[in-house]
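Peer 1: Letter by letter, the chains look like this.
Protein chains: 2
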Amino acid sequence: MINFRSYNPTKIIFGKDTYKEIGGILGEYGKKKVLMVYGGRSLKANGVYDQVVHSLEASGILFFELGGVKPNPRLSLVYEGIEIAKREQIDMVLAVGGGSVIDTAKAIAAGYYYEGDVWELYITEAQPEKVLDVGVILTIPAAGSESSDGSVITNEETRMKCSCCTDLFFPKFAVLDPQLCYTLPDSQISAGGADILAHVMERYFVPDDHHDFSDRMCEAAMVSLIENLPKVLKNKQDYEAWCEVMWIGNIAHNGLLGRGKRDDWGSHNIEHQLSAYYDIAHGAGLAIIFPAWMKYVWKEKPEMMEQYALRVWKVCPEGKTREEVILEGISRTEEFYHSIGLKTRLSEVGIDDRDFEKMAEKAVFMGPLGNFKKLYKEDVMEIYRLAL
Amino acid sequence: MINFRSYNPTKIIFGKDTYKEIGGILGEYGKKKVLMVYGGRSLKANGVYDQVVHSLEASGILFFELGGVKPNPRLSLVYEGIEIAKREQIDMVLAVGGGSVIDTAKAIAAGYYYEGDVWELYITEAQPEKVLDVGVILTIPAAGSESSDGSVITNEETRMKCSCCTDLFFPKFAVLDPQLCYTLPDSQISAGGADILAHVMERYFVPDDHHDFSDRMCEAAMVSLIENLPKVLKNKQDYEAWCEVMWIGNIAHNGLLGRGKRDDWGSHNIEHQLSAYYDIAHGAGLAIIFPAWMKYVWKEKPEMMEQYALRVWKVCPEGKTREEVILEGISRTEEFYHSIGLKTRLSEVGIDDRDFEKMAEKAVFMGPLGNFKKLYKEDVMEIYRLAL
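So the sequence lines, in the order shown, correspond to chains A and B.
For the first sequence, the working numbering gives the first residue as 1, with consecutive numbering after it.
For the second sequence, the working numbering gives the first residue as 1, with consecutive numbering after it.
Treat the hints with care, since some could be wrong.
To be verified - Simulated crosslink set (BS3-like; lysine-lysine; CA at most 25 Å straight-line): (1) A:K86 <-> A:K32; (2) B:K374 <-> B:K358; (3) B:K231 <-> B:K314; (4) A:K231 <-> A:K343; (5) A:K16 <-> A:K236; (6) B:K314 <-> A:K314; (7) A:K172 <-> B:K130; (8) A:K130 <-> A:K32; (9) B:K373 <-> A:K130; (10) A:K299 <-> A:K314; (11) B:K172 <-> A:K172; (12) A:K373 <-> A:K301.
The set of hints was computed from the structure by calculation and includes no laboratory data.
Just chain A, same shape as in the assembly (with noise of 0.2 Å):
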């Protein structure tokens, strides 16, 4: 194991109607004004928006709302927002959301301190010295940006996706009812599951050795998704699948499976080029990039493959190779993907070669990507090929 600080203040309100009590929470972090993010029409339409304003209202917290956050969020709208931020004076960003929502609000309290351009924020080196205060009501697990340290905006102008991460953008409280996941659309499920299970793969397939406790949580997170991912799609309403994929999204993102190890990050970084282009949602994105991804390095460290087969999808090793066994296991992680919904290849979803020199180029434009195996500019073309 290498030396490591874990750290994770972010605390989680998990459970039944937990998200309707939203006013006392603020109050215990005595909080009395808050910029309210969301994104549309599904927050509204499922009566969540109601319930939380009613609960704002209730306990007198006055609110002020930023709504129409889309996936991939926008670097304008954060500029609106901390422009309301900063004209009304607020104590706290709520997001009331998923991922796009969560980084959007991040990206609000860190402006409302910095006195540059925010977005210096995510592609320089410079840091925030201080943020708002973030709380989190989540609607989507996917992203796990409900307790993470990061944030990943989108300048729709230059067509970079880029992320910031800082202690500070832990968000104090997030609040998790698995009832919101119920009018969640087939697609997002989806895609939100590949993106849970991505997280868990990118801490999984490490370049360093010695790791055992760890692998066996991460497989813990990987099994148990597996096996109840298909649970919510067969039947939306399934609270105790809810549960499981709900809090395996979290844990898979809150830093704990990635202790002790260098953590690879190369799938993310190559997909967020693949979405900030074509605009397709992240998690599905993902499910084409991983596979690829795991074609072209598997062979720096065969015997992580091959466990994640082996423990992973239980693959019977008996009379074949290990590359063999390999192989099995990726074919089985496309199969999964399929079976919940998703494409496998850039093909299936109409994206050519046209634009792979220029994501590649893009993609490595903070240097070179990934710690299993380092990844440069042809590299990360040769993967976008093996995901045509």
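Assemble chain B onto chain A, guided by the hints.
Peer 2: Frame of chain A, contents of chain B only:
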């Protein structure tokens, strides 16, 4: 899953030579004057004391000392610490040791501000409103107190061993350097391992349903502990195996593994009376109590005990009844304790039934114990008898 809140703000600073940076770490937290609490001989014999003092001095940290903490830490020493802390107006209690040292430090931290007798916090519903910051350098992976919200103190006059839990007891940071374990005697390694295993089992054997991911994480901890503990007993300088044991020991008791269910703690409380009466090491006592507890309660939820036998001990179920599988799981547990040098019967450590009634009475002093099965005085006595 039942509703829960998950919160643990302790920063873990893990790895080789981390404890040598203690002065700098205290500086990060703005601390200038600390009370250093520790045990005694071993810390000075193995050179850790000198290294810590050197780092404190090099960083200009003023420090006072309270040595002499013993297993089953005494209330009288807590009073002594509170007196020093108040007299010297310290700004942090720095625990350098294992669970007993850390629990003493927490009690001192609470007593510093509490207006009444600090013991009230352990035997009544009274809760501290403010406590001094606590920092930790961990030298024995066992109690998990380095990032837990609890403290257990023994009142040597009344022979009562009681606990106090509050969010305020989470240490600010805990430094975990596996090298500090190299000089532990076998008996402490074994007892510590049994304590870690018990922390997982108390959270694994629960009365509730639907906790698949949590079960698998518990199993990850148990399987990996069972694999790595014998390694460090065989080679005390096996750094990587110590990393696993120390990291498992931390996760086992930081709260994570018990989320969404009502954990048990029956065996812990039954053992506390045992070590209060006989001054047996807590972990050594747990190795005796846990198998007896399992034998007494397994029928409450046989499917859980069966899963334990199958997944943790890989008991082969072919041709066996469920009861046989379960009993094999329990006897494999006993065998494991034996293999690491622990006794599993009271008679083996020279304890007879003369104090069973008094101990059982004190064990249920605050009400019946446990959740997997509610245990009253008669049940506790029966478990002591099964452990004979």
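Peer 1: If a hint holds in the structure, say so; if it does not, say that too.
Peer 2: Taking the hints in turn, this is what the structure says about them:
no.	hint	result
1	A:K86 <-> A:K32	holds (15 Å)
2	B:K374 <-> B:K358	holds (19 Å)
3	B:K231 <-> B:K314	holds (20 Å)
4	A:K231 <-> A:K343	holds (19 Å)
5	A:K16 <-> A:K236	holds (15 Å)
6	B:K314 <-> A:K314	holds (15 Å)
7	A:K172 <-> B:K130	holds (20 Å)
8	A:K130 <-> A:K32	holds (19 Å)
9	B:K373 <-> A:K130	violated (49 Å)
10	A:K299 <-> A:K314	holds (20 Å)
11	B:K172 <-> A:K172	holds (16 Å)
12	A:K373 <-> A:K301	holds (9 Å)
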